[in-house]
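*Asks:* Chain residues, written in single-letter form:
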Amino acid sequence: MFIKFIKYSIKEYLFAYFSIVFMVLYWNSAHTLPYEALRYPIIISVIVVVLIAANLVDSVIKFRREVAAEQQETAAGEVPEKARWDCSLGLTKKRMGTFSATLLYPVLLPLVGFLPLSVVYLFGVSFFLGIRNYKVMVLYSIVVTALLFAIFEIWLGISLPQGLLESLF
Amino acid sequence: MSEILQYVANGTAIVFSIHNLLLIVLGVVVGLVAGSIPGLNAGNTCAMMLPITLAFTVDGALVFIVSVYMAVQYGGSISAILINTPGASGAMATLLDGFPMCQQGKPAQALGISLGASTFGGLVATVVCIVVLQPISRYALNFRTVDIFLLALIGISVIIVISEKDPLKGGLAGAMGLLIAAIGAEPTYGSTRLTFGFFELYEGIPMVACMCGVFAFPAMIKLIGGKGISNMGAGIEVGFKGIIEGVKISLRYPIALIRSSLIGLFVGIIPGAGVNAAALMSYSQAQTWSKNRDNFGKGEPEGIIASEAANNAVAAGACVPALTIGIPGSNTAAVLLAALTLKGITPGPRIMQDYTNEVYSVFIALLVSTALMFVLGAIYTALASHIVKVDLSYMVPAVMLICIVGSYATRGLLFDAYLFIIFGVLGYLMVASGYQYAPLVLGIVMGPIAETNFAIAMNLSGGTYGIMFETAISRLIWIILALTLLGPTLMKRMKKHSGNKAA
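Chains as they are written, first to last, in this note's numbering: chain A, 1 to 169; chain B, 1 to 503.
Hint data in this document are derived by calculation from the structure and do not stem from the laboratory.
Note that the coordinates shown come from a computational prediction; the quantities given were computed from them, not determined experimentally.
The beta carbon of each residue, even a glycine, is placed where N, CA and C say it ideally should be.
Keep in mind that the hints are not guaranteed to be accurate.
Said to hold, decoys possible - Away from chain B, derived, C-beta distances all over 12 Å, residues of chain A:
1) Ser29
2) Asn55
3) Glu70
4) Pro80
5) Glu81
6) Leu89
7) Val125
8) Arg132
Stated by the list, open to error - Partner residues are not named here, just some residues of chain A that face chain B (Cβ under 8 Å, in silico):
9) Phe2
10) Lys4
11) Ile6
12) Tyr8
13) Ser9
14) Glu12
15) Leu33
16) Leu108
17) Gly113
18) Pro116
19) Val120
20) Leu129
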């Protein structure tokens, strides 16, 4: 039962944990401000605390309901639904790969530069997601990158990071 | 009345010169394209176009800027519906029903509904503005900061409306959004909160990075492994026919169209209330009074209509205080005033007296650009709707890249690209743990409006909360807020009661 509750609560409490951490950090940085400046955050924080508590209580009630439903299913001779204790976050191999590549992109952007990094990113992710038509992949990577470069750098005059190319030109 | 007709005739003569008509076409094309790119909203697009207006005459500059303004408002719905990322922030409420409709295999219909509603909202609001330009500009001055705070509360009430399935989770996400929006400089004292020493957070959370992250990132990751954006496989409706069908559907909701246009106009006129407040307020009112309220958030046409008619009506409304009393109703209206200043005209109450014909020409230009937006928008949208047929393995990396570059481009800061990732991860975790991400973004969008006006109102009243009930306007807004929150329950009870009686 305890392990089931832990599994169930991982997903249920995830956002509540984030909210608690955020509140602690927020008030750590804001508590020295004058009361007049804190009126609004205090009201919102009270609402957040009440809602966190309500969510925690609600998830315990929901957990009990799920346990009861599982017991009923077992008693009726049915195979209990396993999905209710599934605590995975739905990150398949392909999703994880795209996730990681997208996380890395902004980190590498100032070093490698927009043009080369975007071509590599588009080619790499589409390859990872299963495309094997190399001619189309190369064309797609270059065209999308060129299009974004034309819109942002040329049309709108926003300077995109040049990275490696900056030292070449 | 004859005086107004004379001004309208003079304004029409200004707009219908070849030079100005070409500028309207150019403005609409720029607006449609820019609006559909995440990261470019009406304010920054018009600001980017400002240097170009130096080459134009006074009326040419005004006509061009308002054409861009009107078209961007519609353009924002294109990416909201097709890739779950609002191009402009005013389209945030559009994606709540637009993207689900797209997933149901009806992207063209959803875009058509949006086009029909945007055109209707733009036309109705502009016509009303022309007729009552002078009296409503005077009335707008009666709104105090506390009233704008109360209007923001109506926008925030959408959190409760859209979290009907799990109000506790939705409420927590929304409240956290409001608290996240309180990062950065405090509005009255300027002291910073939770910036971790990053100057980039001084002005608060950048909307584009936040919206792209929370909406597009999880949506794209979730799509991996599926068939495509639409769950309908080969049966997806794209192209011109679907757009026209969508436009026809939008016309089946005349009350929603009129109500949303008037809400957009009303909120647009109030300086500082903004397009987000208008779209969300209109959405919450639509859901409150709709017969199909249970279908909201699942692909309800009325949801798209409410948001789109209102955000285009804001464009007309925001020009009223800007051009009559010199107070911009929105960032974009501020750009409009900047264009005037560049031409050597000082914004203020005298504009209406000294440049009356030019002021009326702005509204005629809004009418013409709205009509053109309908034609050019239909063509552009028909082409854009094919995007849903693109293989996801090509679509996902391209959308991610657009979002990263769009986030970066808004302020030219790499920090915003990192924020896109942070909000993306947060959005994904929320989706994976059964939370809706829309209330979080709604809180972040409405937070600064609510906090700034609340802080000013409290300072003015010396901390007395009674200021919120002082005037007739505040009391009226409280009644609307109460009706928004309690209306659906009351209507359900009344229905049940009348059902029991009939039985």
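*Asks:* Decide, hint by hint, whether the structure agrees.
*Replies:* Going down the list of hints, with the structure as the test:
Its closest Cβ contact with chain B, about 5 Å, brings serine 29/A to no more than 12 Å, contrary to its assignment away from the interface. The claim that asparagine 55/A lies off the interface is violated: its Cβ sits roughly 5 Å from the closest Cβ of chain B, which falls inside the 12 Å cut-off. In this structure glutamate 70/A is separated from chain B by more than 12 Å, as the shortest Cβ-Cβ distance comes to about 18 Å. Listed as a non-interface residue, proline 80/A keeps its Cβ farther than 12 Å from every Cβ of chain B; the least gap is roughly 20 Å.
For glutamate 81/A, the shortest C-beta to C-beta distance to chain B comes to about 16 Å, beyond the 12 Å cut-off, and the non-interface label holds. A cut-off of 12 Å between C-beta atoms contradicts the statement that leucine 89/A is not in contact with chain B; the least separation is 4 Å. At the 12 Å boundary, the C-beta of valine 125/A falls inside the reach of chain B, the nearest C-beta of that chain being 4 Å off. Once the 12 Å rule is applied to beta carbons, arginine 132/A is inconsistent with being away from chain B; the minimum gap is 10 Å.
The beta carbon of phenylalanine 2/A is not positioned within 8 Å of any beta carbon in chain B (closest approach about 20 Å), and the interface hint is therefore violated. Given the 8 Å rule on beta carbons, the hint for lysine 4/A is violated: about 17 Å separates it from the nearest Cβ of chain B. Taken as an interface hint, isoleucine 6/A does not check out: its beta carbon lies about 15 Å from the nearest beta carbon of chain B, beyond 8 Å. Taken as an interface hint, tyrosine 8/A does not check out: its beta carbon lies about 11 Å from the nearest beta carbon of chain B, beyond 8 Å.
Evaluation of the serine 9/A hint against chain B yields a violated restraint, the C-beta minimum of about 10 Å exceeding 8 Å. Here the hint on glutamate 12/A is kept, as its CB sits about 7 Å from the closest CB of chain B, short of 8 Å. Interface restraint check for leucine 33/A: the shortest CB-CB distance to chain B comes to about 5 Å, inside 8 Å, so the restraint holds. Given the 8 Å rule on beta carbons, the hint for leucine 108/A is violated: about 11 Å separates it from the nearest Cβ of chain B.
This hint is violated: glycine 113/A has a C-beta 12 Å from the nearest C-beta of chain B, more than the 8 Å allowed. With a least beta-carbon distance of about 13 Å to chain B, the hint placing proline 116/A at the interface is violated under the 8 Å criterion. Taking 8 Å as the C-beta contact cut-off toward chain B, the hint placing valine 120/A at the interface is violated, the least distance being around 11 Å. Interface hint at leucine 129/A: satisfied, since its Cβ lies 4 Å from the closest Cβ of chain B, which is below the 8 Å cut-off.
In the structure shown, a violation is registered for the earlier hints numbered 1, 2, 6, 7, 8, 9, 10, 11, 12, 13, 16, 17, 18, 19, in ascending order.
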